[in-house]
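Student: The C-terminal residue of the sequence shown carries number 246 in full-length UniProt numbering, and the numbering is unbroken.
Please keep in mind that the hints were generated in silico from the structure rather than gathered at the bench.
Worth double-checking, as some hints may not be accurate.
Stated by the list, open to error - Taking lysine to any residue and the SDA-like style, the derived pairs with C-alpha atoms no more than 25 Å apart in a straight line are:
#1 Lys238 / Lys146
#2 Lys165 / His201
#3 Lys149 / Ser120
#4 Lys105 / Leu78
#5 Lys146 / Pro241
#6 Lys238 / Lys149
#7 Lys149 / Pro176
#8 Lys165 / Ala194
#9 Lys146 / Ser246
#10 Lys105 / Ala195
These numbers were taken from a predicted model, which means no experiment stands behind them.
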Amino acid sequence: MVYFSLFSCHPGNIITFQWERPLSELLHANAEFEEHPIECLRSSDSSAQTKETELENTRSSIVESSSPAATPAAAAPLTPEECLSQLDIRVGRLVKVWNHPDSDKLLCEQVDVGEGVPRSIGSGIRAFHSAEEIQGRLVCVMCNLKPKKLAGYPSNGMLLCASVKDHSKGALIDPPEGSEVGERVCFAGISGNAAAPSQVHKKKMLETVLPYLHTNNEGVCCFKEIPFSTSRGVCTCKSFPNESVS
């Protein structure tokens, strides 16, 4: 293929074209330019402008695609009421209690919470109660906590107690007589499904609720001013009024 150069003059301009086409096309292009020089120049300018616009759009797309994705807004923390509604506090019965062989602070318990098989729970209440003293009694059990080991003993829940600030003295909470083993402790105006233990741990539900659990002047256990209740009445710890519950 032979390259042809065409020189055409227009007032004030010298236009040079380099063509890799047959001679007949070159002659036709030359004729077009001589007949309509302004239109040819405008067409050339328009084509260049279109390419520049396409290039700019491509650059913008690359910049946008490389920009970091917007970070989703963090979920608002749960309120104490929302956390309490998802905690599974049940009436339980201590079916077997003994001293932990390797800890002078722990009691080991088998607790019936209405599941057919007793739960193993370890409690640091040996300073409050002897094993013989609490055998067979009703208790309030926090049931949907992550399992853990206490001095090697598997613990699948927590017995609720009222105690003084330094935890040197305290006592187990008493559900009212006649409460059904396994029934859920309720709070007036607050309800919800029990959360999975992993969610209770992840969202720190127990930690959020604990500062609001206490006994009132009469030894009634409360969340804020709302009593712990079962189908038979309110839960109490009358020997420790106006103390924290945990």
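Student: Of all the hints numbered above, which does this structure not satisfy? Sort the numbers upward.
Tutor: Of the numbered hints, 1, 4, 5, 6, 7, 8, 10 do not hold.
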